[in-house]
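K.L.:
Residues per chain, in single letters:
2 protein chains.
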Amino acid sequence: MALIVAKFGGTSVASPERIQNVAKRLIAMKNEGNDVVAVVSAMGKTTDELVGLANALNEHPSPREMDMLLSTGEQVSMSLLAMAINARGYRAASFTGWQAGIVTDSTFSSAKIQEVTAERIKAKLADGAIVVVAGFQGLTEDGEITTLGRGGSDTTAVALAWGIDADVCEIYSDVDGVYTADPRVVPRARKLDVISYDDMLELSSAGSGVLQSRAVELARKFGVVIHSRSAFSDAPGTLVKEIDMFMEQAVVTGVAHDTSEIKFTIRDADDVPGVAAQVFSALASGSVNVDMIIQNVGENSHTDISFTCPKGSKEEAEAIVKRIMPRIGGRDYVIDENIAKVSLVGTGMKSSPGIAAKAFSVLAENKVNILMISTSPIRLSIVVEGSQCQVAARCLHEAFGLDSESVFEETALSPEEIAAKMQKGR
Amino acid sequence: MALIVAKFGGTSVASPERIQNVAKRLIAMKNEGNDVVAVVSAMGKTTDELVGLANALNEHPSPREMDMLLSTGEQVSMSLLAMAINARGYRAASFTGWQAGIVTDSTFSSAKIQEVTAERIKAKLADGAIVVVAGFQGLTEDGEITTLGRGGSDTTAVALAWGIDADVCEIYSDVDGVYTADPRVVPRARKLDVISYDDMLELSSAGSGVLQSRAVELARKFGVVIHSRSAFSDAPGTLVKEIDMFMEQAVVTGVAHDTSEIKFTIRDADDVPGVAAQVFSALASGSVNVDMIIQNVGENSHTDISFTCPKGSKEEAEAIVKRIMPRIGGRDYVIDENIAKVSLVGTGMKSSPGIAAKAFSVLAENKVNILMISTSPIRLSIVVEGSQCQVAARCLHEAFGLDSESVFEETALSPEEIAAKMQKGR
Chain W
72 MALIVAKFGG TSVASPERIQ NVAKRLIAMK NEGNDVVAVV SAMGKTTDEL VGLANALNEH
132 PSPREMDMLL STGEQVSMSL LAMAINARGY RAASFTGWQA GIVTDSTFSS AKIQEVTAER
192 IKAKLADGAI VVVAGFQGLT EDGEITTLGR GGSDTTAVAL AWGIDADVCE IYSDVDGVYT
252 ADPRVVPRAR KLDVISYDDM LELSSAGSGV LQSRAVELAR KFGVVIHSRS AFSDAPGTLV
312 KEIDMFMEQA VVTGVAHDTS EIKFTIRDAD DVPGVAAQVF SALASGSVNV DMIIQNVGEN
372 SHTDISFTCP KGSKEEAEAI VKRIMPRIGG RDYVIDENIA KVSLVGTGMK SSPGIAAKAF
432 SVLAENKVNI LMISTSPIRL SIVVEGSQCQ VAARCLHEAF GLDSESVFEE TALSPEEIAA
492 KMQKGR
Chain B
72 MALIVAKFGG TSVASPERIQ NVAKRLIAMK NEGNDVVAVV SAMGKTTDEL VGLANALNEH
132 PSPREMDMLL STGEQVSMSL LAMAINARGY RAASFTGWQA GIVTDSTFSS AKIQEVTAER
192 IKAKLADGAI VVVAGFQGLT EDGEITTLGR GGSDTTAVAL AWGIDADVCE IYSDVDGVYT
252 ADPRVVPRAR KLDVISYDDM LELSSAGSGV LQSRAVELAR KFGVVIHSRS AFSDAPGTLV
312 KEIDMFMEQA VVTGVAHDTS EIKFTIRDAD DVPGVAAQVF SALASGSVNV DMIIQNVGEN
372 SHTDISFTCP KGSKEEAEAI VKRIMPRIGG RDYVIDENIA KVSLVGTGMK SSPGIAAKAF
432 SVLAENKVNI LMISTSPIRL SIVVEGSQCQ VAARCLHEAF GLDSESVFEE TALSPEEIAA
492 KMQKGR
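Top to bottom, those sequences are chains W and B.
According to the working numbering, the residues represented by the first sequence are 72 to 497, in order.
According to the working numbering, the residues represented by the second sequence are 72 to 497, in order.
The set of hints was computed from the structure by calculation and includes no laboratory data.
Some clues are possibly wrong.
What the hints assert, rightly or not - Which bits of chain B does chain W cover? Going by a derived footprint, with three or more residues having C-beta under 8 angstroms, they are: (1) 126 to 133; (2) 136 to 145; (3) 459 to 472.
Note that beta-carbon positions come from the ideal geometry of N, C-alpha and C, so glycine has one too.
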């Protein structure tokens, strides 16, 4: 007897057979007496195919037209899902983002939701229908179609859950919840029954691909409870919600890893004020998303500056670094593409001193060489060589008491394979 | 220095290369100082593919969801065309049917346009952009996406031309205009420079596939001048417009043929009042589009009833005939799938007696056996055996003075091949 928003990603609706499975699942929820709103992404590779068509015509298509084009992907999957539900004798109605009342700003390709006016959805629910909504898209006040960018469908689901005051926002994917670490890397990882918004956010931004940090942020803002669970089983997953501050918590909630970044080092730059500012404002205006920054203590009025950024930004970043080198007197630069970031996350870290010291000793005992360090009150991130990603994640996971009794089947993925698997669509 | 609406069908935008050609064409118009609004159909086989997906999930998908699904096809081609125009350095903006202000009734899958509020188009034209609009679709006042059904994109183009008070509505296709007959069947067919709405309507409904009769009807109603021309050449095509009544006109404007119908004959039905009513109201409520009807004079209180309907309706029609047989006392029924309808069309026929008699003698001289006859004030249609379609069309074309000096390359298409070629998408 609940009002449920259930989001299914692109792989869950990649074929007519899979759409049938989603339909069955939604009907089961409905038969249990719930009101159900589904949010869907585009089918499988649809988005890539549309991007391919666009690029055949224009190397730099206008974001407005790109949003027009890409928003058709979800419109296809939502109508097909509604038809599949109908075929089983249940009422269903699909709605595009604009029909569902998702109002956004006008930043094409990465629009932000400003308002949700879900009157049409509420009316159809009152009629007894299962409502299907296109994720990833909205409409500006001027009537322009927008898309929400990366993580958009999760964000649509959370925003709708808030807009219709749903009891829970279920996000279905190919993993059955949030783990203390990626089981493919740390076989003794445990599934968490519940995790706080803050810990989930740090895990997401540290590389855990289960939930999009943007959606988690929105959920925290509006107090929407997220249930991350498997599209292929009925087992309960992980609840993401506000956790009572006075509850006893583990110091460390999980270990995340991220192999999607590369490291630039500019050597022997002038050690004078303003050099770092020049480098990083140039990178920012070139839309390079810099993650970690280290500037070593200088010698002989020179210093080394290192930073990490996504692999996908390599070309832009390199062009900017080349351009800026003469101005900052740098000798040369090095790009290290084989790195991994391993992070310890836990709200309990705030009140537990000595976490960093313990982590460093554990890594030293395991002969893991630390390349960079960055911290927040509830996160400690360490960059290591790509080949040491697994051993670093495993030894930290064990040292902070996260290991479970059972062991996941050992996997032998390379950091690149892991990175590829962690890439999420919408 | 004109305001032009230019419609391109599915084959004209079937690939990125063809979309480039359309973009070039629109830019050429723009460079000549015109304001340009393009209307596009879905790319090539897109609609068929979407229908295939739908049928994999639901044998009888709801028309509302079907319209949601199919309307994505034009949204893809319109945004790609806008990108292609942008890539050549010109401004462009694409609009879905609802964004373009196409308001329809709520008859999903065959909605009728009720209003056109083209403010957004006018604003973009004033900005100097080439506007691209998705054909075939609209929005109800309740915010539901609809499609216009067969011939929908032509209809969108004519409605928009009226809505923005365009000088001409150019409809591009793979033929270069309206001919006195299909040149593939009648090699001496001539291209017409101009044709009246009435003649064009009769030709369209008699099987000439160049323009959709629905669009011609709308054009006549609002006085929109249509220019039917080739997507592959710059040569002028045929203007469809009001023709001065006092202008001297040819008695017969053209010869159309149609091999898309089949003929049912119910034999020895009771010859009492109400039998025909029972048959044809049953067919009508089964959505079978009956074209010609013949009831022979009865003998021994029994009569034969024949009618023609589209090949695609064979199953429904047969089921209905079977069901109704016992009630009308029919002995049995015969289906003739190998027929062709050949029609003479011309506004001048109204004031020229003896056309029918001349046509019948010409056919007799050429040993063409007449199976059925139907007439309107400006049309004479004759059903013949499929194998006699070509000879009937050619001898009538010659007899009524339509033959040109030049001869089209002879084709040897079977009536089936011709029928397949005449099938038009949206």
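K.L.:
Which of the numbered hints above does this structure break?
P.N.:
When the structure is compared with the hints, only number 3 turns out to be violated.
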